Each structure stands twice: as C-alpha cells, then as structure tokens.
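Protein sequence lines correspond, in order, to chains A and B.
Taken in order, the first sequence gives residues 2 to 353; the numbers are from this note's numbering.
Taken in order, the second sequence gives residues 2 to 353; the numbers are from this note's numbering.
Source of the hints: derived by calculation from the structure; they are not laboratory data.
In this text, all values refer to a predicted model and were calculated from it rather than measured experimentally.
Hints should not be assumed to be uniformly reliable.
Each pair may be met inside one copy or between any two copies, as identical chains are not told apart.
[To be verified] In silico BS3-like pairs for lysine-lysine, Cα to Cα no more than 30 angstroms straight-line: (1) Lys-164 <-> Lys-31; (2) Lys-24 <-> Lys-112; (3) Lys-164 <-> Lys-24; (4) Lys-110 <-> Lys-164; (5) Lys-309 <-> Lys-164.
Here is what each chain is made of, one letter per residue.
2 protein chains.
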Amino acid sequence: MAVTYRDAGVDIDEANSMIERIKPLGARTKTPFVLEGIGGFAGLCGLPQGLEEPVLVSGTDGVGTKLKVAFALQKHDTIGQDLVAMCVNDVLTTGAQPLFFLDYFATGKLKADTGAAVVRGIADGCVLAGCALLGGETAELPGMYADEEYDLAGFSVGVIDRKNLLGPARIQADDSIIAVPSTGLHSNGYSLARRVIEGEMGAKLTDHCEALGATYGEALLTPTRIYARAVRSLQERLGPDLHALCHVTGGGVPENLPRVLPDGVGAVLDQLRPWPTIFRVIREGGPVELDEMRRTFNLGIGLLCMVKKGREADAVAALAEASEDAYWIGHLTEQSGGERVRYVNDPEDRTP
Amino acid sequence: MAVTYRDAGVDIDEANSMIERIKPLGARTKTPFVLEGIGGFAGLCGLPQGLEEPVLVSGTDGVGTKLKVAFALQKHDTIGQDLVAMCVNDVLTTGAQPLFFLDYFATGKLKADTGAAVVRGIADGCVLAGCALLGGETAELPGMYADEEYDLAGFSVGVIDRKNLLGPARIQADDSIIAVPSTGLHSNGYSLARRVIEGEMGAKLTDHCEALGATYGEALLTPTRIYARAVRSLQERLGPDLHALCHVTGGGVPENLPRVLPDGVGAVLDQLRPWPTIFRVIREGGPVELDEMRRTFNLGIGLLCMVKKGREADAVAALAEASEDAYWIGHLTEQSGGERVRYVNDPEDRTP
Chain A
2 MAVTYRDAGV DIDEANSMIE RIKPLGARTK TPFVLEGIGG FAGLCGLPQG LEEPVLVSGT
62 DGVGTKLKVA FALQKHDTIG QDLVAMCVND VLTTGAQPLF FLDYFATGKL KADTGAAVVR
122 GIADGCVLAG CALLGGETAE LPGMYADEEY DLAGFSVGVI DRKNLLGPAR IQADDSIIAV
182 PSTGLHSNGY SLARRVIEGE MGAKLTDHCE ALGATYGEAL LTPTRIYARA VRSLQERLGP
242 DLHALCHVTG GGVPENLPRV LPDGVGAVLD QLRPWPTIFR VIREGGPVEL DEMRRTFNLG
302 IGLLCMVKKG READAVAALA EASEDAYWIG HLTEQSGGER VRYVNDPEDR TP
Chain B
2 MAVTYRDAGV DIDEANSMIE RIKPLGARTK TPFVLEGIGG FAGLCGLPQG LEEPVLVSGT
62 DGVGTKLKVA FALQKHDTIG QDLVAMCVND VLTTGAQPLF FLDYFATGKL KADTGAAVVR
122 GIADGCVLAG CALLGGETAE LPGMYADEEY DLAGFSVGVI DRKNLLGPAR IQADDSIIAV
182 PSTGLHSNGY SLARRVIEGE MGAKLTDHCE ALGATYGEAL LTPTRIYARA VRSLQERLGP
242 DLHALCHVTG GGVPENLPRV LPDGVGAVLD QLRPWPTIFR VIREGGPVEL DEMRRTFNLG
302 IGLLCMVKKG READAVAALA EASEDAYWIG HLTEQSGGER VRYVNDPEDR TP
C-alpha cells in the first residue's frame, strides 16, 4: 500500500472546505484600498490618497490562554475579535489608520466548522476596526496540538502621515490622562485567572457565579474592545491636542504606560474607579496581592489617552460619541526616580 | 499564600531576558526605512522614495511540522530562516521589495536560549531577504504545547509600484518557464516525509543515510532558500519581460503554478531534471505514488519564473549572477480543459 499525505494526518480536502467557507468572510471586510483579497500568493493593499510621508505601523499578537476558555466553553466565534483587537489596538496607539489584518490559525486536526467560526470572529473584528481581512494561513500540524485545540496569531498594518504620529515626543509634562474602560480581562492574565478560579476556588468555568451574574467562563470570554472608533473620534475632536495613547495589555498600567512616557515624566492616577467585578472575584479568590493584580490585569482600563491639559471634557465627549464611557483618571508630572506610575487614593487599596 | 502570575506558569523575567537577547538581532536587520524597531507598541517603517502608486504586499505563513525535525535534532537556529523564506518568497512573487517582517513565537514554557536561537535564525533570514525584523510576539502558553516544543508564525510586508506588479495579467500564452532549484523540502510535506522515514522505513531522524551522505534529520532540516536576490536580479535584467513568479509550496507545482496562470493557459514541463536524492528516498521508502509526490513536495523546484519567449538565456544568466543554478524547464501554451500542468518525459515517471 502506498502512503499518502492524508495517511500522515494532513487533510487537504478539509482545508479546502474551510477556505471556501471563509472566502465570503474576507469579502465582507473589503475596503476601497484592497486590490486582491484571500487567494493568490499574497494580499495586495493600496494606500489612502494625500499622505505626505506615509509611515507603515505594524503589530502582531496572540490571545494567550484565553483560548483555553474558548475550548472549555466550545465557543469559537468571538476569540477572533480578541485577536484583531490585540493587534489593532497596538497599531492605533500611534494614531495610524488600520489598513489590513492577516491571521495564522494552527491546529492538530483541522475541523472546518471550528476554523470557520474562528475566522468569522476575526472578520467581525476587522469590520469593527475598519480594516480588511487580507489573508491568512491555516496550518494543520498533526501531533503539535491537543485534539480540539488550536493557536492563533494575528498581524495588522496601518498607515499614518509621519507628521501626525502620536507618542512620547508629543507628551507635555502636565498632560491629563483619560481612561477608556475595558470590557473585562481583554486578552491578558488568563493563566492566573484560570489558576485562581479553577485551582484556588475549585470552580468550573461552566459554573454560575452570583457576583458576576454569569458563568465564570462567560465573564472571562467577553471579547476585547476594539478602540478604532474611539481613536478616530479623539483625533477629529482634539487634533494635535491628542498626544499619546497607551494600550493596557500584559503588565497592566504600571508596565505599559511608561512605554509612551518620555524620560523625566511620570503619571499620577488619583481619580481611580472601583474595579469591575471579575477582578474583585479573582483578587479575593486567590488571594492575589494588589501589586500583582495591577501588573497582570488591565483592572477595567483598556486604553489611556494623554491629552493637553484643559481638553479633558472634550476628550470625554469625543469618546462618548464613540460609545465609550471614558473618564479623567489622573495627570502626568515631572518626576526623577521612583515608580513611573503612582496610585493615589485607589479605592481598591485595601485588604481583600 | 497569595497566588502570583509565576505560580500560574508564566515567567515574565524569562520573557524579559529573551527580549534583551533578541534586541541586537533586530538591530542587525535594520534598513534605512525603519523608524522604530523592536519595543514600543508597534513597529514603524517608511516607504522607498519615488513610488507613483505604492501597493503593499503581505504574506503570512508558518513552517508546519518541519518544527518537529528541529525539536528532534534540538537545533533551533535555522528554522527561523525557513519562516522568513515562506513569507518573503510569497511576497516576492508579485515583484515587491520586502520591507519588514514580524514573528509570533509561542511555547508552553519559555526558555530564553531556545527562543533566542529561533530569533537568530529569523534575523539571518531577514538579512538574506533584505528586510527589517520590525517586531514580534513571544507568547508563553502553559498547557498548550509539549515541553521543549513551540510554534512559529511569520508575517511580511513588501511594497511595489502598481504598474510593476507581476502576475497573471502579464502572462503571454507562449511564455518560457525557468526553474530555480529548491534546497530540499523547504517547509512543506514534513508530515508525510516523517511518516515515511520514521514509520514505513523505521529509521530515526538521527540515523545516517548512505544515499543522503547525512542523517535524515540533517537533510530534512536544510533551510528554505530565500529568492530575494534572485528576483531582484531577474527584474534588473529582464524588466517587463519578467511576467510572473510561482513559489512552489504545499500542493507542489500542479497546485501552485495554476494560481498565476490566466484562464485558458496551461503549462508543459518537458525539460525536467531528476529529483534531488531526498525525494527519491521518500518515494521509495513509502512507497509514495508519483502523483502524490508531485502534489506534496517541490521535488527540487523552489521557484518558477514565467518570462517572455526568447529571454530564457538572459533569465538563466541573471539567476546565475544571484548564485542560482536555474534552467529552462518548459513553456506555457493555450489550453482548454484537462490538467493545467502537464509533465512530458519526466525522468522520474517510472516504477520506484
């Protein structure tokens, strides 16, 4: 008997079936800049007109062990939005307009149903981000992943005129900081969250949690917010008074905010709100120390916006137009040495 | 006892140690277009001057179960070149100049040594491709991967002036086809290759093979050729007489070549060379049917170049300048129905 590729665990027919099902999903995300979509060796995308000095901005990310929650709940149609959000929100921090997205989907034994659900979520995310799903790779790797499991990686590219780039160079030492809420854990800290809930608390992800008004898994699987509309609204309202943006990911505010601060500038957060319930559940369930919580989770803050002092109300109004319940959370200050981010009167600074 | 992120299997210190070790690797790949390298939320890259209508060309890919060979040989410093090659060669088929590359590296338990070796290979590949390693994501996913295992995804973006795009629209029905050799399996067909060698033949990857003059694993792990110099040399010599390029990946010549052929055009391959030894070993070791071999492996051909009839010698000379031992392998022809790729007088068309 001759040996075939299928014998070796690779099913090209199932892959082709998945490709046929995701083609219309890609088409739904098409933008005026797309020259050629899924199919062909590469994806082609033009640039918006009128850019003096175009700068390409790229980001890559995965969704970490949030995947394990999707596996446990057998719900695969929202994790793709998380993937797009993690990449696109990074690109947005420069002020760039997201142009396109590509995904890498790897699994041990391809199931077209699961794969198509994942890509549907990716396409949903691309629509929210206003970028095209330009291509992707579906990899069947026998023996690399457990049955029914998969990994995801995403790549996004945006463009901005060089003169409009946001970041540390624009920061002023008395800028105000506006917080834009997260929708939950977003896509960071899941190894710790699961360890606490499934380990220390002895709960199942499918168990109902009174405090959350949902199962633990449902609360954990809430899709990551995509801030494309929020950033555009801020840019339109504030123009050059929008100075820098910080996407709060792994490491939390203390490790991410300094990435956009120039030397000699620190942040004071003195208008903090109480955490969303899921973070209190994790802190008490561990218990997890306050500093560990701050350096692992976003604690309810998905994006921080550094704006010129005096423009706080305009920023909040612009974000409200983009359906974000944003608020003034603190300010920058000149600082030499010590913690770059100081928490003052944190309502969560108490023994759990 | 309070629970920490480290308790949950995520070691941020090991990740930071790896980041410090890969920073100089990224710096080595820097091009004049890079505005900001690894670090920050996103990578920034400008465009070459003088493009009338820039088109961005993007590709994403992985290296499949070639990873398993790297694991078995515990050799991690060349698989990164494969990753770059798989992405960049796709981008090159449009004629685009590769600008930058990003990688996704995911593992169950991060080891900075292994991770840094992988990224060193990626940086080597970027140097060969002439593109910048602009960023990447290192993901530690406890419980998702076996010990000492990891997955890789890559993402590359290039740019070309729209008027210079290669592809089906440029093809003429009597074009000549020039073959550029592969360096082995490249990064496709490893599940079948391993099944044959480890299964049917009962050999270990570390066993020496007389016919190969090397161990099976060494032969299988040969890095994928990057055709950046080859394509640039062809463009310089042939100009508009270079019509289309086909990167021979999964599915082999019969499934990849039709992707760049317009309707009504087929290919006749009548100047085929014998296969490199590794493919004969696999065919005989299975045995594997001839058609299965053709639709799984590149069989010694990494890139096919469609050039204007009469420019064959110039194409071969241009490729020789880029150190490629290329040869005329066949021609296109008008065709309605039937196999899009026909093999005539294939020296391998015999009972193994």
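Hint by hint, here is what the structure shows:
1. In this assembly of identical chains, Lys-164 and Lys-31 lie within 30 angstroms of each other by CA distance both inside one copy and across copies; the values are 28 angstroms within and 22 angstroms between.
2. With identical chains, the CA atoms of Lys-24 and Lys-112 are at most 30 angstroms apart within one copy only, with a shortest distance of 16 angstroms there and 38 angstroms across copies.
3. Taking the shortest alpha-carbon separations for Lys-164 and Lys-24, only the inter-copy value of 27 angstroms comes in at or below 30 angstroms, while the best intra-copy value is 37 angstroms.
4. For the identical chains of this complex, Lys-110 and Lys-164 are neighbours neither inside a copy (48 angstroms) nor across copies (42 angstroms), given an alpha-carbon limit of 30 angstroms.
5. Taking CA atoms no more than 30 angstroms apart as the test, Lys-309 paired with Lys-164 passes inside one copy only; the shortest distance there is 18 angstroms, against 44 angstroms between copies.
The structure fails hint 4 only (numbered hints given earlier).
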